[in-house]
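Chemist: Sequence:
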Amino acid sequence: MSALSIDDLRRVLVECAGEAEGAEFDGDGRTFEELGYDSLALIETAARLKQRYGIDLDDGDVMAAETPAALLSLANAAARS
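Taking our numbering, I'd label the letters of the sequence shown as residues 1 to 81.
There may be inaccurate statements among the hints.
[Said to hold, decoys possible] Listed next, with one range per pair, are the computed distances between beta-carbon atoms: (1) ALA47 with SER73: 24 to 32 Å; (2) GLU33 with SER2: 16 to 24 Å; (3) ASP8 with SER81: 16 to 24 Å; (4) ARG11 with ASP38: 17 to 25 Å; (5) SER81 with GLY36: 29 to 37 Å; (6) GLY29 with ASP8: 16 to 24 Å.
Think of the hints as simulated: they come from the structure by calculation, not from any bench. Just so it is clear, CB atoms sit at the ideal spot from N, CA and C, and this is done for glycine as well.
Put together the whole structure using the sequences plus the hints.
Modeler: Structure representation (structure tokens):
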């Protein structure tokens, strides 16, 4: 599988939790909290990544990823292993 892009992650997040106000992100370092996404949105996103791409992420690791870039890095590392 090729690496997920920030756009792939954004699409999954929007599918799971909707488009939060000001949620345009491109890996610029804003936190999920600043973007308006809560822990439930992140857990649902992780479940969808597993379903769609076969990427199995630990819930604790997902919650520790505070930014889209951090979650993307975590997902891509899991996909390679």
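Chemist: To test your reading of the hints: which numbers does this structure violate?
Modeler: The structure conflicts with hints 1, 2, although it agrees with all the remaining ones.
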